[in-house]
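Protein chains in written order, with the working numbering: chain A, 23 to 412; chain B, 130 to 362.
Do not take every clue at face value.
Mimicking DSS-like on lysine-lysine, the simulated pairs with C-alpha atoms at most 25 Å apart in a straight line are [claimed, not checked]: (1) B:Lys268 / B:Lys320; (2) B:Lys246 / A:Lys27; (3) B:Lys246 / A:Lys300; (4) A:Lys238 / A:Lys144; (5) A:Lys400 / B:Lys213.
Which chain B residues stay away from chain A? Per the calculated CB distances, all over 10 Å, these [to be verified]: (6) Val147; (7) Lys326; (8) Val354.
Since the hints were derived computationally from the structure, they do not count as laboratory data.
What you are looking at is a predicted structure, and each value in this text was computed from that prediction instead of being measured.
Where is the CB? At the ideal position from N, CA and C, for every residue including glycine.
In case you want the letters, here they are:
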Amino acid sequence: MLALKLAYRNLMGARLRTWLNVIVLSLAFVVIIWFKGVINGWDQQARRDTIDWQIGGGQYWQENYDPYDPFSIEDSHAPMTETILKSVEQGELAPILISQATMYPEGRIQSISLRGISPDQKVIELPTSYLVNDENGIPAIIGERTARNNKLAVGDYVTIRWRDVNGIFDADEVKIVHIFKTNVPVMDLSIVWIPLEKHQEMAGMPGEATILITSKETGFKEDFPGWNFKDHYFLLSEIREMIEMKSVGGSVYFVVLMSLAMLAIFDTQVLSIFRRQKEIGTHIALGMTQRQVVTLFTVEGAMHSVLAAILATIYGAPLLWLQAVVGWSMPAGTDDFGLTIAETIYPAYSLALVLGSTMIVLITTTIVSYIPARRIAKMNPTDAIRGKIQ
Amino acid sequence: MKNGQLITIQNLIKDYPVGRGFFRALNDINLTIGEGEFAGLIGPSGSGKTTLLNIIGSLDVPTKGEAKVLGQSIGNLNTRQSAKLRNHSLGFIFQTYNLLPVYNVFENVELPLLLLKMSKDERRKLVDQALDWVGLQDKRKSRPPQLSGGECQRVSIARAMVKSPQIVLADEPTANLDAKNSHNILQTMEKLNEELKTTFIFATHDDKVIQYLHRKISLDDGHVVNDEQIKKQ
Chain A
23 MLALKLAYRN LMGARLRTWL NVIVLSLAFV VIIWFKGVIN GWDQQARRDT
73 IDWQIGGGQY WQENYDPYDP FSIEDSHAPM TETILKSVEQ GELAPILISQ
123 ATMYPEGRIQ SISLRGISPD QKVIELPTSY LVNDENGIPA IIGERTARNN
173 KLAVGDYVTI RWRDVNGIFD ADEVKIVHIF KTNVPVMDLS IVWIPLEKHQ
223 EMAGMPGEAT ILITSKETGF KEDFPGWNFK DHYFLLSEIR EMIEMKSVGG
273 SVYFVVLMSL AMLAIFDTQV LSIFRRQKEI GTHIALGMTQ RQVVTLFTVE
323 GAMHSVLAAI LATIYGAPLL WLQAVVGWSM PAGTDDFGLT IAETIYPAYS
373 LALVLGSTMI VLITTTIVSY IPARRIAKMN PTDAIRGKIQ
Chain B
130 MKNGQLITIQ NLIKDYPVGR GFFRALNDIN LTIGEGEFAG LIGPSGSGKT
180 TLLNIIGSLD VPTKGEAKVL GQSIGNLNTR QSAKLRNHSL GFIFQTYNLL
230 PVYNVFENVE LPLLLLKMSK DERRKLVDQA LDWVGLQDKR KSRPPQLSGG
280 ECQRVSIARA MVKSPQIVLA DEPTANLDAK NSHNILQTME KLNEELKTTF
330 IFATHDDKVI QYLHRKISLD DGHVVNDEQI KKQ
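Generate coordinates for the entire structure from the input sequences, incorporating the hints supplied.
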């Protein structure tokens, strides 16, 4: 308690020197929490968007389906059983038939993934209700990225060519009936969505699908022979790995900022112990043990982080709150990276994040303060009083 | 502790290592100092007076022999015990004042009482009393850099006296002061010695201090060469 009182007095007395250190440290606090908050916010938004738009409560994959192996697509389809069709009718499953195709926008050749999905599905947020039959051609919806890359607009016709189940090429025109906007690029980039039945007819695969998306409420339903269930843990692994990678990148910022702040504290401590030898000697002459003086200097160093936490709360809390509300707009083109990322990221701060960061800074500061303070224990008090130690 | 004898030094030797050998700073010192004395260790630089003062103040330990202060053998005290002795019974006045620059006058004087874990009211009362003794009530909010040398040394006296120690050790207290301030300081200390019966021990070679001493213990080359009681009018 005495060490706390004296340390506080010493710090307040040192005025500008104290506040310079505290400002640097508080900046580290705010930036660390902000960065972690952005990563958390991104993670939460990416998971939510991916679930809403792409994976629902999990997916059943036809046993041959491998999204990373284009050669497997041809064989990745199977008829839906009565049980599956019943679940589809009840709105618990949304079947998707996937095949490879080629699109010819403005005479160019563009490989695409042609996907058939029921216009009535409510399992994912893809606006499939636009896929109503049109006498003027096959209705198709595409994402903004595909539209931009291929210079397509609503009402445009574009030729697509595909191979049916027997390997025979066929071609037709699809009409772009809607262009949707999504934060999940894998539902957009080079994908053309058409009605499921039409796709089944075109491919000669009536009643067949490649994947079955379950609704968020249903999730895993039962084992369907020939179909493998993929849960959230599996389907979100890419996002998880990406966030982990970003967190590692964030750790570099963390280390750099902490190093700067700790260097300032360490430097102050070393300088203090050199400059304040007489004070150390005086404390000992007045009746403190050397261990108590070591504690005093350690507490003094560590108290920088307490003051920094208070200062960071004063100016950082409103700033972080404001950004959590307003969000952080991603630069144009970020969505072309293929990452699930919203146009605006809303940082998410948790109590654990704030307390964890505070504890890390406090413990690190204490250690950094203690290391030079140990030297006091080896000082000769009579030399210290006269300021004779070099 | 014999009746009235606060300090007893017997056959005290203090050596400091120098290279492969050693330097003998104090050689066979025998001394007793009683309650209420106003004594000085006098002698030229290097005579050993500060070394002896440091041993009495339990800031250093004898190499051989014994130094008993308030019945406690300095050589046998551990760091905690010697800190307790300094905390409760000894006051220090230094040549360079050694005030804490970031504390104001009140806080500097209050510091020893904080170490004694006294209550706030008690501390305030004692600090006020000590500032009255040295006539610095009007400077209580000032910081050391705002004070003159004489005022700093008076703060140092107040800090040494605030806990009413039995012994005050003053190492060259006037070395950095002009004649007028030196006399003021010495008169203050003499007055406190008379009123409170606190034992003052000086280490000095300043004639201005020497003329105030009631007992002069002369040291030369680590030996006590003369021990003279002065009868004051």
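Results for each hint:
Distance restraint check for Lys268 of chain B and Lys320 of chain B: the Cα-Cα separation of roughly 21 Å lies within the 25 Å cut-off, and the hinted pair is therefore satisfied. For the suggested pair Lys246 of chain B and Lys27 of chain A, the alpha carbons sit about 12 Å apart, so the restraint of at most 25 Å is met. Distance restraint check for Lys246 of chain B and Lys300 of chain A: the Cα-Cα separation of roughly 23 Å lies within the 25 Å cut-off, and the hinted pair is therefore satisfied. For a cut-off of 25 Å, the pair hint linking Lys238 of chain A to Lys144 of chain A stands: about 10 Å separates their Cα positions.
For the proposed pair Lys400 of chain A and Lys213 of chain B, the alpha carbon gap of about 19 Å is at most 25 Å, so the pair holds. The beta carbon of Val147 of chain B sits about 15 Å from the closest Cβ of chain A, which is more than 10 Å, so the claim that it is off the interface holds. For Lys326 of chain B, the condition that its CB be more than 10 Å from all CB atoms of chain A holds, with the nearest at approximately 22 Å. Against chain A, the non-interface label of Val354 of chain B holds: every CB pair exceeds 10 Å, the least being about 23 Å.
No hint from the list above goes unmet by this structure.
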